[in-house]
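As you go down the protein sequences, you meet chains P and W in turn.
In terms of our numbering, the first sequence opens at residue 354 and continues consecutively.
In terms of our numbering, the second sequence opens at residue 2 and continues consecutively.
Note that these hints are calculated values from the structure, not bench results.
Remember, it's a predicted structure, so these values are computed and weren't measured experimentally.
Backbone N, C-alpha and C fix where the C-beta goes; we use that ideal spot for every residue, glycine too.
Treat the hints with care, since some could be wrong.
Said to hold, decoys possible - Covered stretches of chain P, going by a simulated chain W footprint (3 or more residues, C-beta under 8 angstroms):
no.	segment
1	358–367
2	378–387
Stated by the list, open to error - Using C-beta positions, here's what the derived DEER-type ranges look like:
no.	chain 1	residue 1	chain 2	residue 2	range
3	W	D123	P	A595	54 to 60 angstroms
4	P	R367	W	A137	55 to 61 angstroms
5	W	R152	P	G468	29 to 35 angstroms
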Amino acid sequence: MSDPEVLLRETFRRAETDAPQDRDLARVARGLARRRRRTRVGATAGLAAIAAVAVGVAAMQAPERVGEVATAPATPTASATGVLGKSRIVSAYGLEVTVPAGWPTNDVRCGQPTGSTVVFDSRPIDFCLPPPEPATVEVVAVGRVGRLLGVDVGPDPPRLEWEDIQVDGEPARRAFAKRADGRTAAALVFPQRGVGVWLRVHDAALAQAVVASVRAVSGDVDRNGCFFTLQPGGRLENPAPAPIDVGAPEWAAACHYDSGRLIVSDRREGAQLESLLDLLRRAPAGPNPDASPADCPREDNAAAGVAPPPLVFVLHADGEPDRRLAVYHSTCVRRGIEHPGGVAHVTVRVISAGGGGMGVGDKWHPAGIPKG
Amino acid sequence: MSDFDSYVAERGAALLRVAYLLTGDRHLAEDLVQDVLATAYLRWGRVSSADSRDAYVRTMLVRRHLSWRRRRSSGEMAAPGTDTVVGRDFAADYDAHDAAWRLLATLPRRQRAVLVLRYYEDLTDEAIAALLGCGASTVRSNAARGLATLRARERVTDHATERATDHATERVTDRAAAQVTDEERLP
């Protein structure tokens, strides 16, 4: 087929059959519009620029009854927390999931988990032929439906018998099954949000506990103080070069965004917090120098001036308003950490401290970003 | 059923199709259409009084896509073409339409939009120009560049595929030859 015009017409005709189906568009759009009209939440203090509007995934749909369905417990039961042992809560895509504390995040090579891990669909993707997944690994995958590239269900997924339930007042579908390799498979999907949690673990009780722990969060911020949505624009105009006053926070949160939408957030406490605060205190005052246009031939400088930050640190001290530091690192111009006092350099170590353990926030234009 | 609901029920699927062809991504397409319909809902009076509601919403959709993608482009993105060329087994799954679809993903958003509007929506260059808020000559040059890029890349891909196939054939032939040699050594 040599005529590109004919090829294009046929390609479009074929591709249109893959287009998403109309899933109650009118209702979703109305909900989105109501949210937009009702809530435009601005961040206070120096970062009023980072305004949040509640149009995130979490807020798109109103709860809806779906006939006679079971209601899942909103929080893990005592037996569930006992099965989980030492645990941590991950916050991603508007869901909060309690997982074993020792499981690293996005421990994936060639699209396959190499050990017990929590996987988000934001992980970097490497293209290579994966070895067969060992049945020894245990996986909790959190992300958008259809975006986990097979890490959600794993090889040879069993047939799932779905059960309609409600979680936090929202319709959800839940399933448990035994896999041929002996592991227990489980899934909890929120069809209206288009997100879910998928597991394959050795212990059926652990699967039950993790699924029971899932919460569907609504509102404007997640448990770590991260806004679900950041509005484009509104950056500080000519911020003064200034070192960062980090105060004395009890904990910090790293909030990762993709085009203004919260992907995942995680807390930094103890030694990790001290290390992060030290890096922030030492960040040189002033914005990072712009990279050479030769390094960024596809950069859209106008857009870089309004794009929401890919990373925000929330510094939380009890009884005080949260301090929000917007870290701009993924463009070639206007990079730096905008904070209530002005702007400071973003460094490689700050980016790593933000993304450490989450497998995200590890891409940036290196020119003009010091190691720190 | 409200007027808005009726419109969405009637035209929602078509909007999703156009959004999918513009973005090349089902989830982005859904987000885009929901975003545009939310805006349309808030100003439904203006939309419904337009000469053509469909044209009005389609214009919103395309323009939102262009500005939306512009914002996205400054965020983290895979390098163009990384998921279209690297690591794919062209010898196994190469197909003209698949290749064209993948190549479309590498085009600048405006060129792709022009191609979608011209070859899927069958709009004239003048209509596309009005929709995009530019001149017809700009539309023509965008279309020409897009087509030229597709032609050029298609040739490169064809060539690469031929080479890959040749190499694979060579390897198979080598292996077969080695096997024959081994078999000849067997007692």
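- Would you pick out the hints that fail for this structure and give their numbers low to high? 4, 5
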